[in-house]
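J.: Residue numbers (the UniProt record's numbering), protein chains in the order written: chain A, 1 to 221; chain B, 1 to 221; chain C, 1 to 221; chain D, 1 to 221; chain E, 1 to 221; chain F, 1 to 221; chain G, 1 to 221; chain H, 1 to 221.
What the hints contain is simulated information worked out from the structure, not anything from laboratory work. Heads up, some of the hints might be wrong.
Simulated pairs of lysine-lysine, PhoX-like, Cα-Cα distance not exceeding 20 angstroms [to be verified]:
hint, chain 1, residue 1, chain 2, residue 2
1, A, K87, C, K34
2, H, K87, B, K87
3, C, K34, B, K34
4, G, K34, E, K34
5, F, K87, G, K87
Here the structure is a predicted model, which is why all the values come from computation and not from measurement.
Protein chains: 8
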Amino acid sequence: MYIIIVGAGRTGSKVIELATQDDHEVVVIERDQKLAEETSATYDCMVINADAASKDIMLEAGIQEADALISTTESDSVNLMISMLGKQYDVETLVSSINDPQHMDLFGDLGVNIVESPHELNGQYLYRTVQRPTIRDFMEIGSGAEIFELTVEEGAPIAGLSLIDADSEGLLPEETVIVAIVRDGELNIPRGQSDIQADDTVTIFVKNGASDRITDAFRES
Amino acid sequence: MYIIIVGAGRTGSKVIELATQDDHEVVVIERDQKLAEETSATYDCMVINADAASKDIMLEAGIQEADALISTTESDSVNLMISMLGKQYDVETLVSSINDPQHMDLFGDLGVNIVESPHELNGQYLYRTVQRPTIRDFMEIGSGAEIFELTVEEGAPIAGLSLIDADSEGLLPEETVIVAIVRDGELNIPRGQSDIQADDTVTIFVKNGASDRITDAFRES
Amino acid sequence: MYIIIVGAGRTGSKVIELATQDDHEVVVIERDQKLAEETSATYDCMVINADAASKDIMLEAGIQEADALISTTESDSVNLMISMLGKQYDVETLVSSINDPQHMDLFGDLGVNIVESPHELNGQYLYRTVQRPTIRDFMEIGSGAEIFELTVEEGAPIAGLSLIDADSEGLLPEETVIVAIVRDGELNIPRGQSDIQADDTVTIFVKNGASDRITDAFRES
Amino acid sequence: MYIIIVGAGRTGSKVIELATQDDHEVVVIERDQKLAEETSATYDCMVINADAASKDIMLEAGIQEADALISTTESDSVNLMISMLGKQYDVETLVSSINDPQHMDLFGDLGVNIVESPHELNGQYLYRTVQRPTIRDFMEIGSGAEIFELTVEEGAPIAGLSLIDADSEGLLPEETVIVAIVRDGELNIPRGQSDIQADDTVTIFVKNGASDRITDAFRES
Amino acid sequence: MYIIIVGAGRTGSKVIELATQDDHEVVVIERDQKLAEETSATYDCMVINADAASKDIMLEAGIQEADALISTTESDSVNLMISMLGKQYDVETLVSSINDPQHMDLFGDLGVNIVESPHELNGQYLYRTVQRPTIRDFMEIGSGAEIFELTVEEGAPIAGLSLIDADSEGLLPEETVIVAIVRDGELNIPRGQSDIQADDTVTIFVKNGASDRITDAFRES
Amino acid sequence: MYIIIVGAGRTGSKVIELATQDDHEVVVIERDQKLAEETSATYDCMVINADAASKDIMLEAGIQEADALISTTESDSVNLMISMLGKQYDVETLVSSINDPQHMDLFGDLGVNIVESPHELNGQYLYRTVQRPTIRDFMEIGSGAEIFELTVEEGAPIAGLSLIDADSEGLLPEETVIVAIVRDGELNIPRGQSDIQADDTVTIFVKNGASDRITDAFRES
Amino acid sequence: MYIIIVGAGRTGSKVIELATQDDHEVVVIERDQKLAEETSATYDCMVINADAASKDIMLEAGIQEADALISTTESDSVNLMISMLGKQYDVETLVSSINDPQHMDLFGDLGVNIVESPHELNGQYLYRTVQRPTIRDFMEIGSGAEIFELTVEEGAPIAGLSLIDADSEGLLPEETVIVAIVRDGELNIPRGQSDIQADDTVTIFVKNGASDRITDAFRES
Amino acid sequence: MYIIIVGAGRTGSKVIELATQDDHEVVVIERDQKLAEETSATYDCMVINADAASKDIMLEAGIQEADALISTTESDSVNLMISMLGKQYDVETLVSSINDPQHMDLFGDLGVNIVESPHELNGQYLYRTVQRPTIRDFMEIGSGAEIFELTVEEGAPIAGLSLIDADSEGLLPEETVIVAIVRDGELNIPRGQSDIQADDTVTIFVKNGASDRITDAFRES
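Whole structure, please, built from the sequences with the hints as guidance.
T.: Right, here's the structure in full:
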């Protein structure tokens with residue numbers, strides 16, 4: 001793929017790293033001279049040191065042939081203008097960071113795939129970790145359902161039980177599904193007879209989201 | 001809970017918003033005067049305008065009574081020192097942003113729950129969206145397994161089939177689990193007879209991660 | 001009219017001056033604190049000191065009730081985003097400065113009336129003045145036609161002649177129309193018998209634009 | 001011509017572009033090092049990186065042989081001093097930007113052709129567009145008369161009428177002259193029988209300036 | 001007198017000090033806010049904190065009634081424009097600092113009394129002191145003549161001699177006039193019989209300027 | 001002479017110009033890199049780009065062999081320290097700018113020849129010019145006496161008179177000496193019969209300083 | 001005592017803390033406004049916010065009555081000028097920081113007690129700690145002698161021996177004196193029979209300075 | 001030894017100077033580009049221009065093979081993080097500057113040898129010099145004991161006495177030990193019969209610290 005990436009800041013440089021690892025043809029536009037030079041020296045890509053909010057620059061970057069255009073700047077107006085230029089030149093995949101969730105519909109009207117502000121996401125993660133420190137990673141699904149990972153503590157109520165027994169002892173709320181168990185680095189899709197052991201990392205789906213009742217089952221009481 | 005939040009930047013302010021919404025007792029430490037004043041005016045919390053990398057300041061913030069300490073600065077050395085002070089004063093929950101993944105073990109040795117750099121995460125999301133534009137949200141589980149959300153397009157091969165039929169037609173790779181289906185805003189845990197319709201948002205677990213074979217089943221061919 | 005003006009710089013402040021003189025209800029958004037304060041002190045308008053590239057701020061400025069939205073910033077991406085917000089909220093008249101002529105179509109697609117960069121215009125005027133110093137003001141019409149003003153010098157070939165005589169002496173190229181003559185502060189629409197005198201200010205339409213032949217007719221030879 | 005242009009900012013660079021396109025011999029004086037270097041790299045001209053408000057520098061630029069001197073800085077005192085030096089060395093054509101209209105007479109006393117501040121002009125255009133959005137370009141003539149361009153809307157009262165009929169129906173105020181009509185890219189000087197069609201771009205002279213009555217005749221009612 | 005002083009820097013503040021000591025009515029214009037405030041607090045004068053290169057500001061300062069206008073800024077273009085405004089409003093006495101001696105004629109043409117750059121003068125004094133360390137103060141007159149002050153050292157050849165004897169001993173070159181002698185704080189105009197003593201401060205006029213022959217006569221050999 | 005000059009600012013560069021013109025061996029110490037480079041390119045001298053308030057740097061500049069040390073910085077403490085180093089290494093002639101007259105004795109104790117602040121001097125000159133605009137240059141001598149230059153205006157009371165007649169008509173106060181007369185570029189020491197003509201430039205010594213009575217004698221009444 | 005302290009930076013503020021704790025009358029002069037305000041708010045002293053390198057300011061601070069004058073700035077020229085002023089006004093005790101050891105004699109000539117640059121000292125301490133990590137604090141005496149502190153390690157050769165036995169076993173070089181032993185927080189002046197135990201902190205004088213032989217005697221081998 | 005030194009500021013550069021003089025293999029990490037370049041040009045060491053608070057950079061500096069790691073920055077959090085990295089890679093000697101004494105235990109827990117802030121130390125020295133100007137250098141030992149140096153003044157009570165006589169006359173308090181006497185550049189360890197002469201520099205240990213009684217014995221009364 002021919003990918004144009006706008007911005008080589010902390011977010012942009014991660015995108016550049018991933019895209020160049022996969023051997024895509026990558027063109028980067030970065031306004032800051034020092035960042036532009038560092039990017040050019042570090043990754044296998046072409047770097048244009050200019051302000052991308054300009055049709056001239058986007059043409060120089062080859063927008064007419066680009067398969068994807070990823071805008072990572074911290075200014076929604078710049079991301080928006082770049083997406084408009086991308087649409088004008090029929091770039092197939094338009095992706096953009098969005099900094100203020102209220103601007104979502106402006107991007108949506110253009111058919112741009114947006115990714116929420118890293119700072120919003122990060123704030124949620126940090127706070128969730130304080131609320132339920134045992135949960136490692138999580139994903140929200142519509143209607144309040146959640147999928148999350150837990151590590152089973154030594155001496156937790158559920159440790160050593162099969163899923164059926166855990167269920168019959170009422171350790172798990174209804175409409176809870178144990179999706180996967182990672183033990184000693186190996187992942188298994190559990191059945192009813194599968195047991196849960198201390199130190200397992202368990203991926204759980206809960207229709208009503210994480211609650212104390214669930215996390216308590218996996219912690220040493 | 002008595003929560004000390006260090007940093008009121010873009011990430012920190014999201015944490016402050018969430019923590020004050022839940023009526024926790026919140027003390028914020030922010031070095032930048034303007035940010036400190038804005039935080040004080042916007043949220044129901046106490047704000048100390050100072051550099052948190054100082055035992056004096058942390059004592060002034062009440063570290064001796066804090067239940068949780070969340071460090072959100074963009075400097076790993078500052079986050080680390082704050083976590084050390086938190087440990088010294090036996091704060092129960094220590095959470096910190098981490099900016100360079102290589103520093104993970106320094107925090108791990110202190111027993112700090114860390115949350116990866118927002119910029120790293122964001123970069124992955126942006127790039128993933130280019131690779132598989134139909135996937136909305138996703139979570140990586142150990143050993144290459146992934147859980148992700150897709151919306152079923154009108155005319156996709158899988159649209160209108162039951163899970164059993166989709167399986168027998170070989171539309172889904174082995175060790176794939178349809179964890180949940182959201183239809184008209186309602187979430188269901190599907191059984192074998194459950195069918196998949198266009199416009200459903202489907203949560204899928206795949207042992208070997210997302211592949212073209214899967215996403216193709218859900219897109220109009 | 002309820003008019004929102006974005007930017008109170010050198011261009012914006014002229015717009016504010018004109019709009020408040022006509023007793024419109026004016027709301028100004030200006031990012032720079034000092035400029036915002038000066039504007040508030042000088043003109044009869046409400047001033048919001050913030051970055052306008054934000055839906056929040058535009059709502060605070062009353063975009064939902066605005067009749068006109070004038071964007072005067074030196075950043076085309078900001079002007080563009082403001083215009084998009086204006087369109088989203090059905091503001092009847094959208095006007096914007098444009099800084100790079102290449103971005104014209106982006107604004108055109110949104111139905112925004114644009115005004116070319118002041119610096120472009122000014123550059124043309126300065127250079128034109130060097131080319132034909134006797135011409136005071138001019139306007140370009142499609143296909144190379146121009147309308148311009150000249151002051152008739154004492155002793156110029158055309159001074160003292162009627163339009164008919166000037167024509168028969170071949171002083172003016174074909175398809176030239178003398179649109180108006182200002183003499184002693186009074187404007188007249190000339191007929192064939194009208195004469196041209198020294199010190200008259202004459203407005204001339206020429207199908208092929210100003211040329212030496214025309215300006216020579218009005219200068220002392 | 002040998003032209004010295006002072007200032008290579010946004011206005012100055014337009015002048016430089018025009019003057020070098022016409023193959024004049026151009027010397028540019030620009031104080032800012034970066035701008036000076038860019039100008040030197042972009043245009044075919046000599047660039048001196050210095051403050052022009054110095055006789056030494058003006059001599060170095062060849063003021064003794066210059067045919068024209070164009071001063072485009074944003075400081076009236078610098079423009080004035082440069083014009084004085086130009087007069088001292090008998091430069092034939094002196095042109096200068098003027099930033100504050102009150103300083104007009106200082107320049108006038110020196111015999112300098114001045115061009116009003118771009119920001120003033122631009123502000124007037126933007127505001128005029130809000131007042132009469134159908135007008136595209138306009139020029140003010142003494143005593144309140146104006147010349148302006150309009151595009152005839154589909155279904156406008158005047159569409160399809162000859163000038164004589166439009167007049168007899170009272171669609172146009174007295175002392176209004178249709179100077180030119182551009183149709184399908186071709187410009188014509190209309191006579192009484194000429195008709196006006198939708199999509200024509202019409203140049204109109206009105207002794208008392210644009211009014212609703214006129215613009216209404218050209219808009220869809 | 002009603003005096004307007006432009007600039008309250010190091011030079012300007014000395015002028016302000018002298019003018020207010022003599023109870024003139026003084027208006028000061030100073031661009032720098034801090035300097036303007038200090039001036040207002042220190043001297044009995046009105047201070048306008050603005051850029052003086054503007055007719056508006058000069059009118060606010062009362063240029064129409066001023067008897068004198070003293071421009072002390074370090075920019076010759078600003079000094080020049082202020083002097084032009086002073087001339088336009090018929091200020092009787094126009095005085096200005098000049099920074100580059102080459103600009104002298106621009107000021108001269110306006111009838112402005114100029115005072116050479118303090119830095120030029122100072123440089124001459126410092127260097128002269130190295131050349132002839134015994135000379136305290138000096139003034140150059142046309143054609144190479146100089147007037148200067150010396151203090152007679154103990155044991156100098158001239159000490160104890162009358163002027164006539166000094167002459168007959170050839171201690172002084174021809175066309176040298178001892179203009180004044182200050183002894184014990186009292187000044188005398190010497191005659192031929194007057195004698196010169198050690199520690200006298202002597203003011204000398206020499207047609208061909210100071211030379212070693214003269215200074216040697218006054219130093220201990 | 002081997003001369004070290006500290007500071008290449010506006011004052012210092014004049015000293016450097018004078019000293020290099022006389023072919024002295026000159027070493028310049030200047031802290032500002034850009035100034036240092038310009039000095040090195042413009043004058044025939046060695047330039048050290050460093051802060052001179054350091055024994056190391058002064059040794060590098062050759063203080064041990066210097067005949068004269070001229071300190072021109074705008075900081076009295078730096079000038080003082082440099083003079084102390086000069087004294088320590090027995091430099092024969094020490095000269096320094098002084099910025100605050102109160103610090104005179106600190107320099108005096110070290111045996112340094114000081115030159116008053118250029119800004120003080122300049123302020124006096126500017127103000128004097130307002131008081132007596134006809135006086136061109138002047139020098140103050142102890143006890144209120146002054147020497148100054150005047151140009152005789154056409155029609156002045158003294159024009160055409162011999163010195164004796166001027167005296168007998170009481171045009172000049174007592175104890176006034178006409179020291180020199182410059183006519184047509186030639187300087188003469190006048191006697192009693194010498195006459196004064198319009199346009200002569202006259203150097204006058206007055207025991208009680210310049211007064212209106214004197215300047216009136218030389219102006220057109 | 002009446003003490004004037006110049007500079008309220010990191011060094012100066014420590015001096016101010018100590019001097020105000022002892023209830024001296026303290027006047028502080030600090031150039032930086034923010035530092036001056038903080039000092040005034042924190043300590044019981046008068047603070048003047050000005051540049052101290054000025055006789056005016058020093059008089060305002062009361063130099064005529066001061067008993068001591070402590071100069072702590074990072075500029076030797078400023079420290080020097082302040083000391084000169086202190087000497088001029090007969091301040092009894094003059095103390096100054098010195099930043100460049102080469103300037104020591106300039107201060108010495110004035111009779112100022114100087115304290116070496118904190119950075120020099122600190123650098124020596126850090127490096128010494130790398131050379132002999134067991135040494136805690138040390139002081140250099142003339143001719144290479146040193147006094148230093150060591151803590152006796154468990155299992156060190158000297159642990160458990162009396163001084164006499166340590167000597168006879170040749171553990172200590174000649175001309176070594178054990179000046180003091182601190183054990184359990186109590187200090188004793190040892191005699192020959194006194195013994196040395198693990199964990200004692202021992203103060204040792206060695207005529208030829210610390211060597212491996214000595215430090216080895218106190219470390220676990 | 002292989003030594004990594006973090007920071008090349010005023011403290012760090014002293015450490016670098018000492019370490020390179022002893023021919024150690026030195027790697028310096030300095031964030032500021034200009035300082036890094038100067039260090040590289042001045043000392044025989046490798047310099048990395050980067051922020052040291054990063055595992056990557058420390059690995060690049062060779063932390064895995066380093067014998068000593070000296071952290072000299074003015075930020076305790078950076079010093080702390082560097083020390084943690086040093087501990088992780090088993091660097092044998094870890095030394096760090098400490099800026100706030102309250103952070104001592106954080107470093108102590110890591111087994112880092114710390115050196116107190118240079119500014120704290122310097123402040124104590126300056127103030128001590130005011131209290132007892134005759135004391136030259138001093139060292140504090142636990143429990144209030146001190147060792148210090150004095151120079152014996154001409155005419156001091158103790159001058160000319162033997163230690164025994166001084167003692168019997170009660171000139172020295174109990175538990176005072178004269179540790180060393182430097183006379184004419186030679187150091188001696190005194191016995192009871194040794195005498196003290198004017199100009200001797202005497203090193204004294206006093207159990208209760210310096211007091212007026214002691215310093216008076218050594219000063220001219």
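J.: Please write out, lowest number first, the hints stated earlier that are contradicted by the structure.
T.: When the structure is compared with the hints, only number 1 turns out to be violated.
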